[in-house]
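Chemist: Sequences are here, hints too, so could you generate the full structure?
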Amino acid sequence: MTGGLALIPSAYVLLRRHGTHGREVLLQYRQGTGFLDGHWACAAAGHVEPGETVFAAAVREADEELGVTICESALVPLTVVQRRHEDSQPINQRVDFFFACDRWSGEPSVREPEKSAALMWARLDQLPTPVVPHELAVLHGLRMGELAHVRAHGFRDASGPA
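Sequential numbering from 0 applies to the sequence shown in numbering that gives the first Met the number 0.
Any given hint could turn out to be false.
Said to hold, decoys possible - Each computed EDC-like pair below joins lysine to aspartate or glutamate, with the alpha-carbon atoms no more than 16 Å apart:
#	residue 1	residue 2
1	K114	E63
2	K114	D36
3	K114	D62
Stated by the list, open to error - FRET-style restraints, in silico, Cβ to Cβ:
#	residue 1	residue 2	range
4	Q92	H148	17 to 23 Å
5	S104	F154	18 to 24 Å
6	N91	D36	15 to 21 Å
7	E71	G18	21 to 27 Å
Honestly, the hints are just simulated from the structure, not real lab data. Built from N, CA and C at the ideal position, the CB exists for glycine as well.
Modeler: Pasting the structure below:
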């Protein structure tokens, strides 16, 4: 093997609430990031910093991006997604840890307007379009109650649950 493997871990937080017509998740509209701008995405997500746990990263990202405070104990693990970016050199892989959170303090708001144009509460059966593809797969699995513990995305010969 040449070039080695660049593995980049990220934490995603799906804030959930009971809305008028059922369970809703908070999404953000991406702008200015250089990656899938113009798509809806989980409202809080970001890279795990060196020496940081994925739980601490989730708490930090929720604070930085939404201005809400969550406790690590409020994070409910949903799934882990191993995904691949073939268009980058060296080819890198990501490992994304998705958490749900039903308890937080503070009112979610856009805290990084250079990266997020808006927030929206959406029902899982009425998602806006477009949604970042690997996140859409997670949201669909959550809606259907068929969310694998671990899944692969972006591999030609992915094994394991789709």
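Chemist: Run every hint past the structure and note whether it holds.
Modeler: Evaluated hints:
1. K114 x E63: holds, 12 Å
2. K114 x D36: holds, 9 Å
3. K114 x D62: Holds, at about 15 Å.
4. Q92 x H148: 17 to 23 Å: holds, 18 Å
5. S104 x F154: 18 to 24 Å: violated, 39 Å
6. N91 x D36: 15 to 21 Å: holds, 19 Å
7. E71 x G18: 21 to 27 Å: At roughly 26 Å between Cβ atoms, G18 and E71 fall inside 21 to 27 Å, so the hint holds.
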